[in-house]
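Model the placement of chain B on the given structure of chain A, informed by the hints.
Spelled out from the first residue to the last, the chains are:
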Amino acid sequence: MTDALLRTPLYALHLELGAKMVPFAGYEMPVQYPAGVLKEHLHTREKVGLFDVSHMGQGFLAGDTAALERVTPADVTGLKEGTQRYGLLLTDAGTILDDFMFSRLAGEADMYLVVNADTKVGDFAYISEKLNGAAALTPRFDRALLALQGPLAVDVLERHSPGISALTFMQVRRATVAGASVIISRTGYTGEDGFEISIDGADAERVARALLGESEVLPIGLGARDSLRLEAGLCLYGHDIDTTRNPAEASLMWSIGKRRKDAKDFPGAEKTMGPQAIKRVGILPEGRAPAREGTEIADKSGRIIGKVTSGGFGPSLNGPLAMGYVETQFAANGTPVDLMVRGKVMPAAIAAMPFVPNRYRR
Amino acid sequence: MSEVRYTDQHEWIRLDGEEATVGITKYAAESLGDVVFVELPASGKAVTAGGGAAVVESVKAASDIYAPAGGTVTSANSALEKEPSKVNEDPEGEGWFFKLKLSDQGEFAKLMDKDAYAKFVDSL
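Protein sequences appear in the order of chains A and B. Following the numbering used here, the numbering of the first sequence begins with 1 at its first residue and continues without gaps. Following the numbering used here, the numbering of the second sequence begins with 1 at its first residue and continues without gaps.
So that you can see chain A by itself, here it is in the shape it has in the complex (with noise of 0.2 Å):
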C-alpha cells in the first residue's frame, strides 16, 4: 500500500497521550496507550474508556429511508424516532458485505448510519447503487465518533451533557457537550453499558480533553476495544462475518426484523432462513493458550469441522476465548472439540456468549 495513512481529528492527542500508532483501516490509529492492552482492557470494564472510532463511516440519508430494506434484513420503516438499531447490509446472494447501526433521530427525516472503517467506501458506493435514486446517502466521513464506555460513563457524561442519563440502551439524540453539538446515541462495541458520540471534526479534541480530564477516564486504544468486543460475543467484520457467511450461518438472524422474516423480503432470504450447514458459535480452550484466528477445530475423532475466526486472551474472563464457524450438529452448548494448536491437540467445549454478561442499561 502506498497511499499515504489518513488520520483522525484526534492525531496529535493520541501522540500527545504516548499511544502506539498502528496503521488500521487506511488510517493511522491507537493500538494501546502507555497503560497497555490488559490495564486499558479491565478499566473499561471497571471505569471508563475513551476510544477514537473516528475512523468509522458515518453518513446521513435522505429521501425514502424505507428504501434501505432493499440492502438490510433489518425492521428499518418500524424503528421509532429516537432509537437506533443494528443491521446487516446483504449481497445481492444474501450473504454479508457489512454490519452497521442506523438511527431515527427525532423529528429529523434523514436517517443516520454508522459503517465499518475498512469498508465505508464501499458500502456507500454500493447503498446509494441500490437506492438508485429513492434515496440519498451522504457520507460524513469528516466527522469524529468518540466511543465512552464502561460502568461509569453514565456519571461522566451526565455530568457535560446534563440529561442523557434518560436514554436508555439503543436510543438516541442530539445533545451538547462540553459546548459542541453531537448525536450521542447509548451504544458500543464493548458489553458494557455507554455512549457513541458522534461530532464535527473541529470540536472532536475539545470534547475527547473534556472527558478525558474526568478522573475515571482513561484512552483506550483498538487492542483493547478488540478483547473487549470479542468478551461480549460480537463479530467483527472480515474476521467473523464477511462475504462468504449469511445472517443464519453467522447467527444474526436476532438483527432480522420479524416482518421482514415473514415476509421473506430480503435478499437471500430463502437459503437463510431454511437448514444451515455452519455456525457461529463461541468457544472455551480448556488450557491457557489462545487459539488465534485460524485455527483449525478439530471433533473428537480428528476430523476438521470448523475454524476459529477471532481468537484471544479475555482479560476479564482470565483465560483464552475464541469464535469461529463448525459444522451444524457440533454447534450446541458444551459440545466438546478440539483445537490444533502448534500442531498439537487442544481440547476445548463450545460456549454461549457473551463471554462475559453485558451490561447494557435497558
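It is possible that some hints are incorrect.
Pairs of lysine-lysine, BS3-like flavour, derived with a Cα cap of 30 Å [to be verified]:
id, chain 1, residue 1, chain 2, residue 2
1, B, Lys110, A, Lys39
2, B, Lys110, B, Lys26
3, B, Lys45, B, Lys86
4, A, Lys47, B, Lys86
5, A, Lys20, A, Lys39
6, A, Lys39, B, Lys26
7, B, Lys86, A, Lys39
8, B, Lys119, A, Lys344
9, B, Lys101, B, Lys114
10, B, Lys114, A, Lys20
11, A, Lys130, A, Lys261
12, A, Lys258, A, Lys130
13, B, Lys119, B, Lys101
14, A, Lys20, B, Lys119
15, A, Lys271, A, Lys258
16, B, Lys101, A, Lys344
17, A, Lys344, B, Lys45
18, B, Lys119, B, Lys82
19, B, Lys99, A, Lys344
20, A, Lys20, B, Lys101
21, B, Lys110, B, Lys82
22, B, Lys26, B, Lys99
23, A, Lys307, B, Lys82
24, A, Lys47, B, Lys82
25, A, Lys130, A, Lys80
26, B, Lys26, B, Lys101
27, A, Lys344, B, Lys114
28, B, Lys82, B, Lys101
29, A, Lys20, B, Lys26
30, B, Lys45, A, Lys300
31, A, Lys264, A, Lys130
32, B, Lys82, B, Lys26
33, B, Lys82, A, Lys300
34, B, Lys114, B, Lys45
35, A, Lys20, B, Lys86
36, A, Lys261, A, Lys307
37, B, Lys26, B, Lys114
Coverage of chain B stretches by chain A, computed from C-beta distances (three or more under 8 Å per stretch; other residues unrestricted) [to be verified]:
id, stretch
38, 11–23
39, 31–37
FYI, nobody ran anything at the bench for these hints, they're computed from the structure. Note that beta-carbon positions come from the ideal geometry of N, C-alpha and C, so glycine has one too.
Just chain B now, kept in the frame of chain A:
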C-alpha cells in the same frame, strides 16, 4: 563469571560455565505488551541456533522465541505458566524462559555483546 549475549530477534542468553539461560530482552517485552501465555520447551528437546524454541503470547498476538544457539534444553521456567506477567516485570531476570546445554560455544561467541545490542536497538 557469566557472560550475556543478544540476538537481533531480541533474545538474551547468559552463559554460566556449561549452561546457558535464555530469555527475551526488555525491549522485546515492551514491544510485545502484556504477556498472557508462555509455551515452554520440554527438557531434553534439541534446539538449533535460530530455530523456534518457545512461544510467547500477548493479548493480541503470538510470537516465536528462537534459540540463540544450538543445544539441548535442560530445564524451563515453569513459574511463567502460572505467572506469565513475570516476562514483563523482570524480562532479563525472573522472566527467563529455558536453560540450554550448548552444543557449540562458538555460536554463543558470535552473538552481539551488550554494547552492540544497545546500538542495534537504537538503530531500530
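Is Lys20 of chain A close enough to Lys26 of chain B, meaning Cα to Cα at most 30 Å? Roughly 17 Å between the alpha carbons, so the hint for Lys20 of chain A and Lys26 of chain B holds.
Would the pair Lys264 of chain A and Lys130 of chain A pass a check requiring their Cα atoms to be no farther apart than 30 Å? Answer holds: Lys264 of chain A to Lys130 of chain A is near 18 Å, not above 30 Å.
For Lys45 of chain B and Lys86 of chain B, compute the direct alpha-carbon distance and say whether it is at most 30 Å. 24 Å, holds
With a cut-off of 30 Å on the C-alpha distance, tell me whether Lys110 of chain B and Lys82 of chain B pass. 34 Å, violated
Has the given pair, Lys119 of chain B with Lys101 of chain B, been kept, meaning a C-alpha gap of at most 30 Å? Given that 30 Å is the threshold and the Cα spacing comes to 28 Å, the pair holds.
Is the Cα-Cα distance between Lys130 of chain A and Lys80 of chain A 30 Å or less? 24 Å, holds
With the threshold set at 30 Å, check whether the alpha-carbon distance from Lys45 of chain B to Lys300 of chain A stays at or below it. 28 Å, holds
Check of the stretch 31–37 of chain B against chain A for coverage (Cβ-Cβ below 8 Å, three residues minimum): holds (count 4)
For the pair supplied as a hint, Lys110 of chain B and Lys26 of chain B, is the alpha-carbon distance within the 30 Å limit? Holds. Lys110 of chain B to Lys26 of chain B sits at ~21 Å (cutoff 30 Å).
Given hint Lys86 of chain B paired with Lys20 of chain A - CA-CA distance at most 30 Å: 22 Å, holds
Can you confirm whether the C-alpha distance between Lys26 of chain B and Lys101 of chain B stays at or below 30 Å? This hinted pair holds, its Cα atoms lying about 24 Å apart.
Can you confirm whether the C-alpha distance between Lys39 of chain A and Lys26 of chain B stays at or below 30 Å? Given that 30 Å is the threshold and the Cα spacing comes to 19 Å, the pair holds.
Checked against the numbered hints above, the structure violates hints 1, 8, 18, 20, 21, 27 and 38; every other hint is satisfied.
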